[in-house]
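Student: Sequence order for the protein chains is A and B.
Residue numbering for the first sequence follows the working numbering, starting at 110 and increasing by one per position.
Residue numbering for the second sequence follows the working numbering, starting at 110 and increasing by one per position.
One thing to keep in mind: the hints can contain errors.
A pair counts as met if it fits within one copy or between any two copies, since identical chains are not told apart.
Unchecked claim - Listed below are the simulated DSS-like cross-link pairs for lysine-lysine, each with C-alpha atoms no more than 27 angstroms apart in a straight line:
| # | residue 1 | residue 2 |
| --- | --- | --- |
| 1 | Lys-125 | Lys-340 |
| 2 | Lys-309 | Lys-125 |
| 3 | Lys-144 | Lys-340 |
| 4 | Lys-125 | Lys-272 |
| 5 | Lys-373 | Lys-144 |
| 6 | Lys-373 | Lys-340 |
| 7 | Lys-340 | Lys-272 |
| 8 | Lys-375 | Lys-125 |
| 9 | Lys-373 | Lys-125 |
Keep in mind that the hints were calculated from the coordinates and are not lab data.
Quick caveat, the model's predicted, so the values are computed rather than measured.
Number of protein chains: 2
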Amino acid sequence: MQNFENFLLNHLPASKSIHPTYEEAVQKMLIAGGKRFRPALLLGVVNAYNPLMIGGAYHAAYAIELLHTYSLIHDDLPAMDNSPLRRGEPTLHVLFDEVTAILAGDALNTYAFEVLSNAPFSDFTRVELIRELATNGGLNGMVLGQAIDCYFENRVLSIDDVKILHTNKTAKLIAASLKMGAIIVGEEKLAETLYDFGIKLGLLFQIQDDILDVTQSSQEAGKLTNNDENKNSFVTILGLDEAFLEAESLANTLLKEIDGFDEKLKSELSKLLVHYINRHKN
Amino acid sequence: MQNFENFLLNHLPASKSIHPTYEEAVQKMLIAGGKRFRPALLLGVVNAYNPLMIGGAYHAAYAIELLHTYSLIHDDLPAMDNSPLRRGEPTLHVLFDEVTAILAGDALNTYAFEVLSNAPFSDFTRVELIRELATNGGLNGMVLGQAIDCYFENRVLSIDDVKILHTNKTAKLIAASLKMGAIIVGEEKLAETLYDFGIKLGLLFQIQDDILDVTQSSQEAGKLTNNDENKNSFVTILGLDEAFLEAESLANTLLKEIDGFDEKLKSELSKLLVHYINRHKN
Numbered sequence: 110m111q112n113f114e115n116f117l118l119n120h121l122p123a124s125k126s127i128h129p130t131y132e133e134a135v136q137k138m139l140i141a142g143g144k145r146f147r148p149a150l151l152l153g154v155v156n157a158y159n160p161l162m163i164g165g166a167y168h169a170a171y172a173i174e175l176l177h178t179y180s181l182i183h184d185d186l187p188a189m190d191n192s193p194l195r196r197g198e199p200t201l202h203v204l205f206d207e208v209t210a211i212l213a214g215d216a217l218n219t220y221a222f223e224v225l226s227n228a229p230f231s232d233f234t235r236v237e238l239i240r241e242l243a244t245n246g247g248l249n250g251m252v253l254g255q256a257i258d259c260y261f262e263n264r265v266l267s268i269d270d271v272k273i274l275h276t277n278k279t280a281k282l283i284a285a286s287l288k289m290g291a292i293i294v295g296e297e298k299l300a301e302t303l304y305d306f307g308i309k310l311g312l313l314f315q316i317q318d319d320i321l322d323v324t325q326s327s328q329e330a331g332k333l334t335n336n337d338e339n340k341n342s343f344v345t346i347l348g349l350d351e352a353f354l355e356a357e358s359l360a361n362t363l364l365k366e367i368d369g370f371d372e373k374l375k376s377e378l379s380k381l382l383v384h385y386i387n388r389h390k391n
Numbered sequence: 110m111q112n113f114e115n116f117l118l119n120h121l122p123a124s125k126s127i128h129p130t131y132e133e134a135v136q137k138m139l140i141a142g143g144k145r146f147r148p149a150l151l152l153g154v155v156n157a158y159n160p161l162m163i164g165g166a167y168h169a170a171y172a173i174e175l176l177h178t179y180s181l182i183h184d185d186l187p188a189m190d191n192s193p194l195r196r197g198e199p200t201l202h203v204l205f206d207e208v209t210a211i212l213a214g215d216a217l218n219t220y221a222f223e224v225l226s227n228a229p230f231s232d233f234t235r236v237e238l239i240r241e242l243a244t245n246g247g248l249n250g251m252v253l254g255q256a257i258d259c260y261f262e263n264r265v266l267s268i269d270d271v272k273i274l275h276t277n278k279t280a281k282l283i284a285a286s287l288k289m290g291a292i293i294v295g296e297e298k299l300a301e302t303l304y305d306f307g308i309k310l311g312l313l314f315q316i317q318d319d320i321l322d323v324t325q326s327s328q329e330a331g332k333l334t335n336n337d338e339n340k341n342s343f344v345t346i347l348g349l350d351e352a353f354l355e356a357e358s359l360a361n362t363l364l365k366e367i368d369g370f371d372e373k374l375k376s377e378l379s380k381l382l383v384h385y386i387n388r389h390k391n
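Work the whole structure out from these sequences, hints included.
Tutor: Set out below in structure tokens:
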């Protein structure tokens, strides 16, 4: 992923103006790092089916990371999670102010679509990618999930509703990342298969995140942890033991599905999942 | 514009979920009305050159209105203008809460691009429209303008910098509205001409708005007025008399440019500008 990291650093949103800190603010959380899990998923699929397209695919992976990063900035706002720390750095509303954090998020949201509109693909592919990112990252995807999460804070949801919450908040963008990889390499049938796989992978990802929230310190995580007490996390609803079991059950389902994938896709996915798990342990 | 209004009401962002107020929140400010000035500009251009395309053009006009509406919702937030009233209705953070207002804005921002990705045009046109809206409505357009506006509150800018502020905050989206109309009807050269015209029209629009802020009551305007004291408005920087002169000078330039337009475009533009001015007087 070093090449993607370099791509990102060479394509940071630029904005020279009379505003002394706007450009720094829109770049800050992108530079701060993060696991780049969603870009890795997209790039893994492209690498498996058409490694020659990887250069173009960076643009799409970057667009997903832009959307994901804006959502973190807004989730951390005082009105929402009020988090002081993200990716090991002070959050934007702490470093600057709320206005800057809201607007930097807004700018990155829209910029994701600007990047896709200029990505080196056919117009057909550009439109498919834009539709996929907007559908999963917006009104009836990630934003809805965050709205449900915030609304039901301090109110207990059923486990089925917790799954609805996290399917929207986390899993749809992860599923879209895999699907967008398949769109880029023109594998239409694979796109749907990977989307369904990605929803389950996203839920597993979220359960792990919920588990780490209670087992990891803020310093280890680079963000505020032990912060989910009043949230509908898998751990608060199921308890730690049941959450581990749910994760194991999902992991087994995913392993079976991976068995049906092409060898080259299997190889890419296993590499990046191992990489991701290692990052989480650090 | 009644047909567009009906189109909008028939295409409101739908979101059925366990969240009891999310759908209402994302629809509220769209239903509340507004002048629909940006949609009218786009539709006026399409009507002038290819009235048969007007049905498709509603989708693009709607996308612009979605982006504009999200920006109003975020501008009204407590951290920014802290406005209690918009389009004659309580603002979303008053009616619901800050979280809902932030997320409804986020959802509408992304939804604008979802709408364009599904609009009944060729993929080529879709991509052009998406690029135009994202470029003018985001990082180096509307969002930058709002960031400059907020940052320099209580600090006096030069008149040149005030123009930079409002070119970004207001004029670029107005210019993009005209240009997107030209893109839809395939008039590439006209697109650039109309963009330049739109920047000036947007500045005139802003000067009028600044003048009305000090001469109109909140009830007349349907939003909080007399609210620009610490802002870099054309009136606070130039004074009311100079602002009137600046508006007149811009209006004269625009009238000269309109002289060079095709008869059908002249007719459309003059109709909608008269309509717009009347709305402002009410």
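Student: Against each hint, give a clear statement of whether it holds in the structure.
Tutor: Hint-by-hint comparison with the structure:
1. Proximity of Lys-125 to Lys-340 under the C-alpha cut-off of 27 angstroms is restricted to the inter-copy arrangement: shortest distance 22 angstroms between copies versus 40 angstroms within a copy.
2. In the homo-oligomer, the alpha carbons of Lys-309 and Lys-125 lie at most 27 angstroms apart only across protomers (22 angstroms), although the nearest pairing inside one protomer, at 42 angstroms, exceeds that limit.
3. When the C-alpha separation of Lys-144 and Lys-340 is checked against a cutoff of 27 angstroms, the pair qualifies only within one copy, where the shortest distance is 23 angstroms, while the shortest distance between copies is 41 angstroms.
4. In this assembly of identical chains, Lys-125 and Lys-272 lie within 27 angstroms of each other by CA distance solely across copies; the values are 16 angstroms between and 43 angstroms within a copy.
5. In this assembly of identical chains, Lys-373 and Lys-144 lie within 27 angstroms of each other by CA distance solely inside one copy; the values are 23 angstroms within and 55 angstroms between copies.
6. With identical chains, the CA atoms of Lys-373 and Lys-340 are never at most 27 angstroms apart, being 39 angstroms at best within one copy and 58 angstroms at best between copies.
7. In this assembly of identical chains, the alpha carbons of Lys-340 and Lys-272 lie at most 27 angstroms apart only when taken from the same copy (13 angstroms versus 46 angstroms across copies).
8. In this assembly of identical chains, the alpha carbons of Lys-375 and Lys-125 never lie at most 27 angstroms apart, being 44 angstroms within a copy and 36 angstroms across copies at closest.
9. In this assembly of identical chains, the alpha carbons of Lys-373 and Lys-125 never lie at most 27 angstroms apart, being 43 angstroms within a copy and 39 angstroms across copies at closest.
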